[in-house]
Amino acid sequence: MERKPRCPLIGANGNIYNVLGLAGKTLRNNGMGNKVEEMLSRAKAPGNDYYAALGVVMEYVEPVSEEEPHDLCGPNPAGLDNDYGDDCDEDYNPDIEMG
15 MERKPRCPLI
25 GANGNIYNVL
35 GLAGKTLRNN
45 GMGNKVEEML
55 SRAKAPGNDY
65 YAALGVVMEY
75 VEPVSEEEPH
85 DLCGPNPAGL
95 DNDYGDDCDE
105 DYNPDIEMG
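In the numbering used here, each residue carries its 1-based index in the sequence shown increased by 14.
No lab work stands behind these hints: they were computed from the structure. Beta carbons: idealized from backbone N, C-alpha and C, even for Gly. Fair warning: there could be bad hints in the mix.
What the hints assert, rightly or not - Quick list of the computed label-pair ranges, beta carbon to beta carbon:
| id | residue 1 | residue 2 | range |
| --- | --- | --- | --- |
| 1 | Gly-88 | Tyr-65 | 28 to 34 Å |
| 2 | Tyr-31 | Glu-76 | 17 to 23 Å |
| 3 | Asn-29 | Pro-60 | 17 to 23 Å |
Kindly produce the complete structure, drawing on both the sequences and the hints.
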């Protein structure tokens with residue numbers, strides 16, 4: 015099984031659209047962009063509540079604290095501190111339809 019990228023969800027805004035956006039960004043920036051639409055479709059499936067959608071997200075990314083090393087802006091195999099500041103977010107355009 016391939017390693018799930020570490021996504022800084024712990025301590026982040028818990029709104030499900032924010033969670034989906036962070037997870038999608040993490041997947042895309044770690045060469046797993048092909049998994050984003052699958053994750054979104056499963057998370058937004060009819061009948062899913064917040065907790066079911068969150069469970070789907072956890073199948074694709076490993077939740078970590080915002081303060082821990084993470085892979086939001088790309089692979090970090092050495093587990094180095096990766097405080098990207100605003101550099102990562104400015105260039106990111108997820109183009110995800112959340113509606």
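Going down the list of hints, with the structure as the test:
1. Gly-88 with Tyr-65: 28 to 34 Å: holds, 29 Å
2. Tyr-31 with Glu-76: 17 to 23 Å: holds, 20 Å
3. Asn-29 with Pro-60: 17 to 23 Å: holds, 20 Å
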